[in-house]
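**Q** Can you build the whole structure from these sequences, using the hints too?
Chains A and B supply the protein sequences, listed in that same order. Take the first sequence: its position 168, counting from 1, is numbered 168 in the numbering used here, and each next residue is one higher. Take the second sequence: its position 93, counting from 1, is numbered 93 in the numbering used here, and each next residue is one higher.
Chain A is nowhere near these chain B residues, computed Cβ spacing over 10 Å in every case:
1. Pro26
2. Met34
3. Val105
4. Leu143
5. Leu175
6. Val176
7. Ala219
8. Gly263
9. Phe268
10. Leu283
Here are the computed lysine to any residue pairs in the SDA-like style, where the Cα-Cα straight-line distance is at most 25 Å:
11. A/Lys429 to A/Ala400
12. A/Lys385 to B/Gly231
13. A/Lys383 to B/Phe229
14. A/Lys383 to B/Pro46
15. A/Lys66 to A/Phe414
16. A/Lys256 to B/Pro65
17. A/Lys385 to B/Ala60
18. A/Lys113 to A/Asp103
Which bits of chain B does chain A cover? Going by a derived footprint, with three or more residues having C-beta under 8 Å, they are:
19. 65-77
20. 222-236
21. 251-260
Everything labelled a hint here was simulated from the structure, so no lab data went into it. Every residue gets a Cβ at the ideal spot worked out from N, C-alpha and C, and that includes glycine.
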Amino acid sequence: MRHTTLAALAALALSAVAAQAITPTDTLVIAKAADPQTIDPAVTIDNNDMTIAYPAYQRLVAYEVKDGKGQTTVTGQLAQSWTVSADGKVWEFKLKPGNTFSDGSPVDAAAVKFSFDRLMKLAQGPSEAFPSGLKVDAVDALTVRFTLPQAFAPFLFTLANSGAAIVNPKVMEHQKDGDMGRGWLSAHTAGSGAFELGKWEKGQSITLVPNPRYNGAAPALKSVDIRIIPDASARRLALEAGDVDIAESIPVDQTKALAKVAGVKVETYPSLLVTYLYLNNAKPPFNDLAARKAMVEAVDRAGIIDGIMLGHAQAMNGPIPKGMWGYDATLPAPKFDIAAARKTFASLGLAGKTLTFALSDRDPAWNTIALAVQANLAQAGVKVKLESSANASYRDRLGAGDFQIAIGNWSPDFADPYMFMNYWFDSAKKGLSGNRSFYSNPKVDELVRAAAVETDQSKREAMYQAAQKIAVDDAAYVYLFQRNTQLAMRDTVHGYVFNPMLEQIYDFATMSKSK
Amino acid sequence: MMAALSRLASRGIDWRRLRHRIGASPVTVTGLVMLGIVVFCVGLLPNLLAQDPNVINLRARLAAPSWSHLFGTDEVGRDIFIRVLHGGQVSIGVALFVVAVSASVGTVIGGLSGLLGGMVDTAIMRLMDVVLAVPSLVLTMALAAALGPSLTNAVIAIAVVRVPTYVRLSRGQTLVVREAGYVMAARVFGARPLQILRLHVVPNILSPVVVQATLDVGAVILMVAGLSFIGLGAQPPAAEWGAMVSAGRSFILDQWWYSAFPGLAILFTSIAFNLLGDGIRDLTDPRQKGRS
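**A** Quick look at the structure:
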């Protein structure tokens, strides 16, 4: 009763702001927690950015959808067919004819070559998915050849990544100081996807409009409006009132009540989205293995999963989540032992010292988890200062290693343990690229690099599991849980397909709305 | 300041008459009773209950108010009742401290400004005008943000912003007092400005300052809460009313108690101090003297 009165009051207050309660059937409105930062596909590895960056571009291949379910297999998108040499090093793709970018220029082999050359030259996060030394040649207008320095098992799947987007070579007209159009493309789109960026009011809203030259069935939606609503309650109210059709990042505490609201559905999907703590291995105190181990012992993971995630998550004992091959069920669950942690921290001279814990409002669960970790560590005799900032500055801190503890979510871009093992542990990928703990172990480097070029899956699995054991012993991260992804939307929204590789990414071209 | 106060008191207050007049003013009585409740809850109860406000219980998070958790629990299972009590120590403690600091500093500066006059007076007053020209909450936010988010910095910011009010108040009063015969006499006998300030000016301008200070406590509690609400004040896990209201925002739809109880605590305490301040103003108002 009280709840309904409050909700009604709040909804009333909100509807006074929004002029229109129900959105038009050809406009999809999404409420997002944080503004994207850059929508340049060659730069961003943040799924929050990919909501815009992914549908604006096409790739050589795309994840298949069968019976309304996202698959881990790929099918040609721009590519009609492909062949691979026996040694796995040379891949040749035939492009489908007739695709054009939004400005009318053709999507040809030269554009593919340009996109990958640009990706590798910018050498940002997305390029990490591809072997350095990747050579791309335009054989003829519709044939493109990739030559890899050595075989790379997940290569075909990496081509479905956001970073493998085919970008219009005309972006070079916007080049400034040799940035290959990076500055311009961070806030514009230049692709052949079904939608393109219409308008972006920073921190407010983003409008995507159909690309008139899209070489596919015309989308049912005439416009996609993405509104930035940082407050979770406001997102939920907007969804309940029908002001938005999809509300992202609804705290798990609220989804149960929200699912009962007429006209709203909350979909739950088992996912590969994992949440874990970064411990800065490059800085005191976590450059010391004993401190990291004590940290792992001090965190009450079971409490976090049962209490904060309300059981919508399962504990992770190692970096590779359940459901991904390479998962090691034999890894022991770390012991929750405050007393032992307290002893270790004291012996390291950390008792009463203050550690910094960086976080942002990107995920509503982070703050609660941080408070729980803070309380756990307080019991272990260590103070924690929570430093919450806007997502952009938070990511800057991650990249610069300016933290002692931080929290992150990770979801794979392709179904291969490479996404976890090579990104998280290869010392060449320190920082935002993926190795956010700044972890470095030559033995692990060797194993994960060997596993990346090996083509025999069982051998790869053995190497990854060996590396996984070492990394878990080194306590590079505190693995918390892999969660079920929940997405709350109006029941008028149709055609949404979840794919664990494509968190926060929608295929707007196949989505529609009913009355 | 304290010495001046006690001297003021020792000058002889007719306690019986004071009690009578307080009793005749329902506003003051209400304020006093409310303040008594606040002092009991915030000052004594936490020590009697002896519960750690920061102990989490992840399996009892966001529990509705019940006998075991009077005000329910928050998002990590901390008891909101205990946190409201402890938060009060922060909010009220900070408010009293801020008011004491800004009132004493402001009185001294204002007294000196009025007493010395001339260039010093002009310089001080123009500086105060500058501070007063900016909306106080905006200035506090800017200061707190510049100093970095922490409770100490919030205290400094609020204290700085509140000083000009007292400077103007005490300067105005001083301008009246300095023309009085006893100040003239002291001057003739060669008393130094600081001596005059201490012995003659401060005791005589104290009552309006005390009234202003009492009224200010409520406003400062709101300011501390406001700064904490936007994350510039008390830092987690410290319990503070404004920070609690802010954290409860995400849960306001299903767990109304999280924001409601700290919010009510702010409301209750601010009203208590405001009523008391109003009452004291009435009591010390010369026009009210003799009437009862």
